[in-house]
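Using the sequences and the accompanying hints, generate a full structural model.
Chains as they are written, first to last, in my numbering: chain A, 4 to 208; chain B, 4 to 208.
You may find that some hints are simply not true.
Copies of one chain are not kept apart here, so a pair can be met inside one copy or by any two copies together.
[What the hints assert, rightly or not] Within a straight-line C-alpha distance of at most 30 Å, the following computed BS3-like cross-link-like pairs (lysine-lysine) qualify:
(1) Lys29 with Lys149
(2) Lys87 with Lys124
(3) Lys112 with Lys124
(4) Lys15 with Lys147
(5) Lys112 with Lys29
(6) Lys36 with Lys152
(7) Lys178 with Lys15
(8) Lys111 with Lys129
(9) Lys178 with Lys11
(10) Lys11 with Lys112
(11) Lys156 with Lys112
(12) Lys11 with Lys152
(13) Lys111 with Lys15
(14) Lys11 with Lys111
(15) Lys112 with Lys15
(16) Lys147 with Lys11
(17) Lys11 with Lys149
(18) Lys11 with Lys124
(19) Lys111 with Lys69
(20) Lys149 with Lys66
These aren't lab readings, by the way, just hints derived from the structure by calculation.
The model shown is predicted, which means the values in this text are computed figures rather than measured ones.
There are 2 protein chains.
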Amino acid sequence: MNYVKEPKTIEKNSFEIITEELGDKKFDEKEGKVVKRVIHTTADFEYADILEIHEDAIESGIKALKNGCDIYADTGMVLSGINKRVLGELGGQVCNFVHDEDVVIEAKKREITRSMVAIEKAMNNKNIKIFAIGNAPTALFTLKEKIEKGMPKPDLIIGVPVGFVGAAESKEIIKDLGVPYIVTNGRKGGSTVAAAIVNALLYMI
Amino acid sequence: MNYVKEPKTIEKNSFEIITEELGDKKFDEKEGKVVKRVIHTTADFEYADILEIHEDAIESGIKALKNGCDIYADTGMVLSGINKRVLGELGGQVCNFVHDEDVVIEAKKREITRSMVAIEKAMNNKNIKIFAIGNAPTALFTLKEKIEKGMPKPDLIIGVPVGFVGAAESKEIIKDLGVPYIVTNGRKGGSTVAAAIVNALLYMI
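Here's what the structure looks like:
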């Protein structure tokens, strides 16, 4: 059988097809790279319309990554999808605290979810400057609550939970925090989308 | 802020919304569970049209899982998304061999990709009965080549690579192997879709 086996060629051809099919839809160069990588990951052109990128988001994210910041991912799937080799070369790593023993104990003691305690732990970690939330609306709700209570603001929130209950709302309420954000308006998103956005930033550096 | 924090309630409400919005589209009970879990994972109703489930696929997959089979996942993201607790209770585990030292050495020696050697290794492992391929069209091409050369057939191929080069074609060519399959026709799919299909089967047991 004849098929393209070379990953770089597959990726190059894919981005050419995406650019062509986007047709008249124009983005500035850096926004376009985020949008196209998300479409590359989903084969879903609707993301060209529902991705909303705050004007400072890409610069703020890239600056943080260049400084070797860590990233908090809300699930193992997001963590798994981020290019840890490239991130590591910049001095950063991806963290997820949901299964940490201290988080489990604390959540039980305070009778709140582990996701909520994990977000608090991440916000107390000074090297975590980017939150990549692909699944849990409650992670975004908690981020908002804690920032409004005075916890240090991150440099970028990637807020792309997917779903039918709370997902769309959770993405709306992080837009007024004074924190640069990249969201997918509406129901769509997910772990692959969150990881694709982080990787798009990494590949611009 | 008031928001639903209880995962079981969120999931129940989500499936009710999905069922309502599917409207006139009817599936048999088990197929519907697969379709709805994929839509739950993607918020994309197009999957109701592009999921193709071979008539023996669900029964064959469930039987293999009940017998404690292992699953081969083509990437860490697919591996990460599968519910390993439920799978473990049945006696199974998820494997990915792409980073194994023996695979790396063998691929270099034979000058072929690690993905291809990893698939061969998986096919030689008698306890792997299900292949969950969410990313690599080359994994499906390799599966076809090896089965046609006489390697033992798995009980189920979940073939849902996403992409613009080779993905759609790779899903077509596994339909004539005499192996039950679940695919997404066309470009869409991905790690979250592959994991959702496996989880839908696990939750039916």
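Against the structure, the hints come out as follows:
no.	hint	in the structure
1	Lys29 with Lys149	neither (36 Å within a copy, 44 Å between copies)
2	Lys87 with Lys124	both (21 Å within a copy, 25 Å between copies)
3	Lys112 with Lys124	within (15 Å within a copy, 46 Å between copies)
4	Lys15 with Lys147	between (38 Å within a copy, 26 Å between copies)
5	Lys112 with Lys29	neither (51 Å within a copy, 46 Å between copies)
6	Lys36 with Lys152	neither (34 Å within a copy, 42 Å between copies)
7	Lys178 with Lys15	between (34 Å within a copy, 28 Å between copies)
8	Lys111 with Lys129	within (25 Å within a copy, 42 Å between copies)
9	Lys178 with Lys11	between (36 Å within a copy, 28 Å between copies)
10	Lys11 with Lys112	between (50 Å within a copy, 21 Å between copies)
11	Lys156 with Lys112	within (26 Å within a copy, 50 Å between copies)
12	Lys11 with Lys152	between (46 Å within a copy, 29 Å between copies)
13	Lys111 with Lys15	between (49 Å within a copy, 24 Å between copies)
14	Lys11 with Lys111	between (47 Å within a copy, 18 Å between copies)
15	Lys112 with Lys15	between (51 Å within a copy, 27 Å between copies)
16	Lys147 with Lys11	between (39 Å within a copy, 23 Å between copies)
17	Lys11 with Lys149	between (42 Å within a copy, 25 Å between copies)
18	Lys11 with Lys124	between (38 Å within a copy, 25 Å between copies)
19	Lys111 with Lys69	neither (37 Å within a copy, 33 Å between copies)
20	Lys149 with Lys66	within (23 Å within a copy, 47 Å between copies)
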